[in-house]
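Which chain is which? The protein sequence lines are P and E, in order.
In terms of our numbering, the first sequence opens at residue 669 and continues consecutively.
In terms of our numbering, the second sequence opens at residue 12 and continues consecutively.
The hints are simulated quantities; they were obtained by calculation from the structure and are not laboratory data.
It is possible that some hints are incorrect.
[Said to hold, decoys possible] Computed, partial: chain E to chain P, Cβ under 7 Å:
| id | residue |
| --- | --- |
| 1 | His21 |
| 2 | Leu54 |
| 3 | His59 |
| 4 | Ala67 |
| 5 | Glu110 |
| 6 | Thr113 |
| 7 | Phe116 |
| 8 | Pro118 |
Beta carbons are placed, not taken as given, at the ideal position from N, Cα and C, and that holds for glycine.
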Amino acid sequence: AQSVSQHNHHVILSEAASLELGCNYSYGGTVNLFWYVQYPGQHLQLLLKYFSGDPLVKGIKGFEAEFIKSKFSFNLRKPSVQWSDTAEYFCAVNVGQTGANNLFFGTGTRLTVIP
Amino acid sequence: DSGVTQTPKHLITATGQRVTLRCSPRSEDLSVYWYQQSLDQGLQFLIHYYNGEERAKGNILERFSAQQFPDLHSELNLSSLELGDSALYFCASSVEGREFDTQYFGPGTRLTVL
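Here chain E stands alone, though its shape is the one from the complex (with noise of 0.2 Å):
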């Protein structure tokens, strides 16, 4: 267990829909990473959020969104779902945000768009 919680651990969508991932940091943590991970793309870095503050963009599609909340939890928004969204997001944490700071991985969300 890595201590770092994401919910749900499953959910099945439609197209077109919106859905929102949960993302709980390690306690002495204040760094927030979304990864998305697909069949044809791998692992892709979306955001990285430090403190509240945006840090990072990677690949994220401007339907996606993401935010890091005072108490430090982060949200990951998907909007307007495409069957190609299917894939399993990744929550990370790291104390800082400092290149050497080891990033702990939650367990995933898996969406499937249908």
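Looking at chain P on its own, in the form it has when it is part of the complex (with noise of 0.2 Å):
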């Protein structure tokens, strides 16, 4: 069965440092990946995706992630954090299939930026 694994449970930094949240999943064949973040008190909002081509992902808000597919890995990050970052990134996958939509999430890692 497929897995999404975030080590980072919780991740305290100061603004402006940067940032790098892990993502490793298991699946041998084709994936679809996806970062979603939730803001306090706020719904989940995708942040980029991956499908096919450049391994490098920008989303919004300037995060960006990196495939690596030797790795099994979809690292999400940042430059320069702001306060407003502070929230729970989650790292998601659906197994590239057609009609396979639904995603398997990652435990979330809660992301704290001290002004």
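With the hints in hand, could you dock these two chains into one complex?
Right, here's the structure in full:
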């Protein structure tokens, strides 16, 4: 079965620090990869997604992620975080088959940015 | 605001009871998904409906059922509730049900079973 691992449960950074959140998945076939963010009290929002092509994907709010197939990873990065980035971040995959759009989520990483 | 609405926002009920959660997708979306978020299990896919038909099932208990109506809104029915069913239930919708469609999430319904 597919699984998604996010090893960082809680990350605390100061404003302007760089961010990298890890995401690894287990599935040998084609996958589509997503990062969602959940700001306090709000719904899940899509940050970025990868289906094919350039493995470096740029999303909203200055976030980017790199798909490394050999490492089964899709890490999220931001060069300089802001206080407003405080949120919970979820990595998700689906198995890339027609009709199989259900997402498998990681356990989430809580990011706290200190002003 | 994603355009996906869920009612009610909060629901408190007792063990053994039955509840119905409602989801209205974005106006252009044909697919509805249900997810459960709990402290011990994280975010788990329950079920996917596309244009009224069940498309895929995940870790959905037999005590739970769902349907999507002709106007495309969906309901998740939870019966014989147990303490462990306390969780946040999210609905998401997408234009179709293709693997690369973006899913737009609603604000969730927080269910507390006492």
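These are the hints, each one checked on the structure:
1. His21: Check failed: Cβ of His21/E comes no nearer than 13 Å to chain P, outside 7 Å.
2. Leu54: 4 Å, holds
3. His59: His59/E check passes; min Cβ-Cβ to chain P is 5 Å, inside 7 Å.
4. Ala67: 5 Å, holds
5. Glu110: At about 5 Å, which falls below the 7 Å cut-off, the nearest Cβ of chain P leaves the hint on Glu110/E intact, so it holds.
6. Thr113: This hint holds: Thr113/E lies near chain P, its Cβ roughly 5 Å from the closest one there, short of 7 Å.
7. Phe116: Cβ of Phe116/E sits 4 Å from chain P, so the hint holds.
8. Pro118: 5 Å, holds
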